[in-house]
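Colleague: Single-letter residue listing:
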Amino acid sequence: MNSGTQSVSNQVMWNRLISVVEEQAQALIRTAFSTSVREAGDLSAGVFDVAGAMMAQAVTGTPGHVNAMAEAVGHFIREIGEDQIFEGDVYITNDPWKGTGHLHDITMVSPSFYRGKLVGYFASTAHVVDVGGRGFGADGREVYEEGLLIPIMKFALRGEVNRDLIKIVRNNVREADQVVGDLYSLATCNETGHKRLVDMMDEFGLDNLEALADFIFDHSRRATLALVAALPQGTCENEMTVDGYDESIRLAVKLDISETGILADFDGTSPAIARGINVPLVYTKAYAGYGLKCAVAPEIPNNAASLAPFTVKAPVGCILNAVHPAPVSVRHVTGHFIPDLVMGALHKLLPDRLPAEGASALWNIHISARPNSDPDGPKGDQKAEILMFNSGGSGARPGLDGLSATAFPSGVHTMPIEATEHVGPIVIWRKELRPGSGGAGKYRGGLGQVIEISATPGHEFDFSAMFDRVANPARGREGGGNGAAGSVKLEDGTVLKTKGRQFVPAGRKLVLELPGGGGYGAVSERDAKSRQYDLENGYVFGAQPEE
Amino acid sequence: MNDTAVRVGVDIGGTFTDVVLEYGGEAFSAKVLTTPTAPEDAILDGIGQVLAKASLSAKDISVIIHGTTLATNALIERRGANTALITTQGFRDVIEMRSESRFEQYDLNLVLPKPLISRAHRHTLAERIGANGQVLKSLDPAEVEALAEQIEQRGYDSVAVGLIHSYMNPRHEELVRGILLARMPELSVSISSEVSPQMREFERFNTVCANAYVKPLMKSYLDRLVSRLNDMGANCPVFMMHSGGGIISLESASEFPVRLVESGPAGGAIFAAHIAARYGIDAALSFDMGGTTAKICLIKDQTPKTSTTFEVARTYRFKKGSGMPISIPVIEMVEIGAGGGSLAHIDSLQQIRVGPESAGSQPGPACYQQGGERPAVTDADLLLGRLDPDNFAGGSIKLSSERSASAVEQHVGTALGLDQTTAAFGISEVVDENMANATRVHAVENGEDLSGFTMIAFGGAAPLHAGRLCEKLGIERLLVPPGAGVGSAIGFLRAAFSFEATRSTYMRLSAYDPGAVQNVLKELAQEAEAFVRSCDTTSPLTYECKAYMRFVGQGWEIPVVLSEADYEASDRSAIMARFETAYRALFGRTVEGLDIEVTSWSARVSTPVPPVAQIETVSADNEAVSDVKRPIYDPIGQKFDEAAVVERTALNAGVAVAGPAVIVESETSIIVPASFEAVMQPDGCLLLGRLESNPQTEALS
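Going line by line, the protein sequences match chains Y and F. Using this note's numbering, the first residue of the first sequence is number 1, and each one after it goes up by one. Using this note's numbering, the first residue of the second sequence is number 1, and each one after it goes up by one.
If we strip away everything but chain Y, and leave its shape as in the complex, we get (with noise of 0.2 angstroms):
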């Protein structure tokens, strides 16, 4: 076989080895129990060679998990030891710091045997159903607050499944078969991977993976660096206030680029809060090397090279590199915005390429619905747990206006409400876009949402509140005005907090107003097509002030 043909072929495995984690991911969506996975593609596959280093991962999935999970079979490795790695061994964890970022994230790495011979690893991430403790939320004020750690262990040996680990997790999760269930399904993902490495490894008559990992590993990091090296060289810096728990948070960061890569530390960010909004430093990575490769590489698939050229540090107790024992349950509501923060700093060096700050964070709402617990008012008999995704208006983009409702940077969608209501008591009485809620400018940034919701007659229903952007709303770059703050009230203007566990009696309505996204350049230069178009459709209110 000549050079030729054997770069051909090379090419060939690697677009396989996607098609295999991206099998491997269909198959854990297929499975899973987890609203936020199944529904909301909130979940990560990847296969790494025995270094530890990801080869490719899937397509499907959400930013948050890219670069977590791709640093975690590296712990595995060293944590059970390479003369304990068996055929048939799973190991898993759900440890924030090891892992993905919250112990609501389960990650399970699978040893891959051919042969009789260990020629690399298969991991997935899935978020699942319930942890225990106090249940998904901001309340916590330390990580043993919010439910079981499991640290690096074997959840299989030699195939057979350790039972105790499963007896620890049934009596400490509510909704104990889900999560069971959920456990299998990520490792019956891994062994379908598995499944088509051997297939294709047959194929193509291979007895390892490292030939096909240095080619892999040669392209990516050579295109990588190439786009890197385009770049403008020097330094740039942004920082941004974002709501928090009970007092606002500053988010910084300082971009050096260099020929090598990008380095982005965020020093100067405000230090981490009892709360479990914090992020630790894994998912401080993920976000920050996503939003930089959306800027600089989007083309080039993850793996470990491509991925590489991207590094990041933060002050040790910051709230985006939190340490033990902090509560870190719904980190996201923090980490989505580090990629707004890392493109506004970019946006110093490279003009016109990057958008405007959105509403970033996604509106997840935790819904317990019960029955009435009013003595005098009418009583149902429905409980349910209900978790609902939702998402703001996006930045306007140099070129392009910010898209309306859509999740950025996390890769979540919604749910039908028609589904929803089928799991409880609730009516979701309006899900409709917020008009005016954009960002004015030359482009407009996506509207925001409004959302109304009230418990069926008979009941009543405690809420988590996850939101954000409602004292700081998203910010317009070059001139386009900012996305209109979000809100979160009774109908009756009752204003109710951001964070945290909050009471929706029986008749009342909880009312949402979701962030608009910055609008990108002047408003006196939108053109007037598309004011009049945003009037026709109602997307403006009246006519929009000129600057």
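Note that these hints are calculated values from the structure, not bench results. Please note that the accuracy of each hint is not assured.
Within a straight-line C-alpha distance of at most 30 angstroms, the following computed DSSO-like cross-link-like pairs (lysine-lysine) qualify [as the list claims (entries may be wrong)]: (1) F:K137 / Y:K379; (2) Y:K489 / Y:K383; (3) F:K137 / Y:K509; (4) F:K320 / Y:K195; (5) Y:K195 / F:K319; (6) F:K300 / F:K319; (7) F:K305 / Y:K195; (8) F:K522 / F:K305; (9) F:K629 / F:K639; (10) Y:K529 / F:K114; (11) Y:K497 / Y:K509; (12) Y:K254 / Y:K348; (13) F:K31 / F:K305; (14) Y:K195 / F:K300; (15) Y:K167 / Y:K98; (16) Y:K313 / Y:K98; (17) F:K137 / Y:K489; (18) F:K31 / F:K53; (19) F:K137 / Y:K383; (20) F:K59 / F:K31; (21) Y:K98 / Y:K154; (22) Y:K383 / Y:K497.
Between beta-carbon pairs, the in silico distance windows are [said to hold, decoys possible]: (23) Y:H324 / F:D107: 33 to 41 angstroms; (24) Y:Q502 / F:A146: 34 to 42 angstroms; (25) Y:K497 / F:S563: 53 to 61 angstroms; (26) F:T315 / Y:K117: 44 to 52 angstroms; (27) F:P559 / Y:K348: 51 to 59 angstroms.
Covered stretches of chain Y, going by a simulated chain F footprint (3 or more residues, C-beta under 8 angstroms) [as the list claims (entries may be wrong)]: (28) 8-14; (29) 23-30; (30) 179-188; (31) 216-224; (32) 387-401; (33) 449-457; (34) 530-542.
Glycine is no exception: its CB is placed at the ideal position from the N, C-alpha and C atoms.
Starting from the known structure of chain Y, fit chain F onto it as the hints suggest.
Modeller: Just chain F now, kept in the frame of chain Y:
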């Protein structure tokens, strides 16, 4: 079906309109260019041609069965009616907000598809049905009257009505339609509880909007077609192929034109299913590769796999999520941007990428010499010896190897330092791998292992790539039927009258209510029966009922086929056992301790499929002889081999052609890889079987 019947199948595709006439055991076909402004012109032209070939006249035609991409194209090109949507207050933007996600994670300049009906044309009513079908807020007729007045003033041609939870209780939608029609009897009105009574508001609303959007257009087209056919003397019944692979009446098609979307590809799948039945194949993979896309469908027990929802008009590299969802019963297919015209380029990783951009028929691949500069898959095929430059498309287009060579070299070879042949091989391998990967993922999603499958290949480019695809997928047998160029139109003639009615009615097995289940299935069966009886009043009917089930807490329902005994039973045990069996087949295990729920039910009613005469497969009794040889590139040995060139028409049943070989016919060429042997069968199909050894393993190490 008797032999004296003259049956005509007509398939309008984007480029060609195919007509097939069958009479007395013989088939006659014609391929004419589609006439988009008046599609009936091409049909009449094509019918004229096949009648002439068969020496028949229009009045001899017994039946015409028609499928068309017109509805699909109207949705893609946004050439539908001036349409309004009426929906529940608070939900005006469901079709615009979609799933609130981005189908491509890393593209900062992503553009989402625009909703079919823009916000200004979406109107709301203060009403609300609850999840159990109860009225939470009643509909005020005065408010509807006022809206009807507005609808009239604004001059809409068509109205879609989609209200929350209408699949549970259609009353409000029906009231709205009644008031609209009382004021405007001629108005075209579609309601979601009839068009697609399934849970999930985005999909249902979008489906009713699509139906309303294409309804005036399709009705006017079908009326014109019938009158033109009458004018030419064809007074026979005309039926329409639907996306679920069955046939419905013209009236049903005019009322629910969204059901015609993807009817052409559905015909292709029926064609393949028929071939599978002829050969008694229980696990088949149909592979249809044309100029722009490849379509792949799993066919189990001679029945194509079906689904209740699919996506049309994908706007971004055929990527899932970039189109609009349509919730109707449909033959499930994977469609990817891989065809003879798919263009190759080099990406930032210095890797070869192929498609989804296509050279189409204008300018076409570089070798067509019509101004195409960039290399297409057909150019690679030509350079690898798979096509005869002097005998392409019956000799109607002379291909230029020089043009192919310079396009491949300039756009791929030079950049990568590959010689012309290796660059062409790279293009071909990448497109084959793309198709193989899409097929594998689709098989996994359906819980199938492809190793025991037989591939059935048709469409212009399929026979060039099918052998390699089989090698990549580990498939041992490949059938290439005759008439592959007009496969969909032939498929129309093999379809039964059928209709599938579907409805979401939520039920947990822990609260199983046999009476309610029997009622739902009875109503669905009656609804479907009415559609079928409007076409055929006498044939015995077959019924198939399904429940869409999952464990409580999951988001994916799996289809579970129910026998009559299952739903006639007084308890849930039979239906539960069916679910567990189906779940285990898909995912390898079931989950203990969890309740099971049903989200929807369906009933499919059809006339019997005409019995298929089984073919006794013949094995090789002699070798084809050919003095003609030409060099063909072998992707496994990675070198040119001298391959025998054999005319398909010269082969009799039992004649074998050992690979490497190329079997030529007027429409295309069939490549027999070195690892395969082809044997001509009594019905004109070529059956390719893999030879014992598997050289692939050695080759790439």
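Colleague: Each hint needs a verdict: does it hold in this structure or not?
Modeller: Verification of the supplied hints:
| no. | hint | result |
| --- | --- | --- |
| 1 | F:K137 / Y:K379 | holds, 20 angstroms |
| 2 | Y:K489 / Y:K383 | holds, 23 angstroms |
| 3 | F:K137 / Y:K509 | holds, 15 angstroms |
| 4 | F:K320 / Y:K195 | holds, 25 angstroms |
| 5 | Y:K195 / F:K319 | holds, 26 angstroms |
| 6 | F:K300 / F:K319 | holds, 26 angstroms |
| 7 | F:K305 / Y:K195 | holds, 25 angstroms |
| 8 | F:K522 / F:K305 | holds, 24 angstroms |
| 9 | F:K629 / F:K639 | holds, 15 angstroms |
| 10 | Y:K529 / F:K114 | holds, 16 angstroms |
| 11 | Y:K497 / Y:K509 | holds, 15 angstroms |
| 12 | Y:K254 / Y:K348 | holds, 11 angstroms |
| 13 | F:K31 / F:K305 | holds, 28 angstroms |
| 14 | Y:K195 / F:K300 | holds, 23 angstroms |
| 15 | Y:K167 / Y:K98 | holds, 23 angstroms |
| 16 | Y:K313 / Y:K98 | holds, 16 angstroms |
| 17 | F:K137 / Y:K489 | holds, 23 angstroms |
| 18 | F:K31 / F:K53 | holds, 13 angstroms |
| 19 | F:K137 / Y:K383 | holds, 23 angstroms |
| 20 | F:K59 / F:K31 | holds, 22 angstroms |
| 21 | Y:K98 / Y:K154 | holds, 15 angstroms |
| 22 | Y:K383 / Y:K497 | holds, 24 angstroms |
| 23 | Y:H324 / F:D107: 33 to 41 angstroms | holds, 37 angstroms |
| 24 | Y:Q502 / F:A146: 34 to 42 angstroms | holds, 39 angstroms |
| 25 | Y:K497 / F:S563: 53 to 61 angstroms | holds, 55 angstroms |
| 26 | F:T315 / Y:K117: 44 to 52 angstroms | holds, 46 angstroms |
| 27 | F:P559 / Y:K348: 51 to 59 angstroms | holds, 54 angstroms |
| 28 | 8-14 | holds (count 5) |
| 29 | 23-30 | holds (count 5) |
| 30 | 179-188 | holds (count 3) |
| 31 | 216-224 | holds (count 3) |
| 32 | 387-401 | holds (count 6) |
| 33 | 449-457 | holds (count 3) |
| 34 | 530-542 | holds (count 4) |
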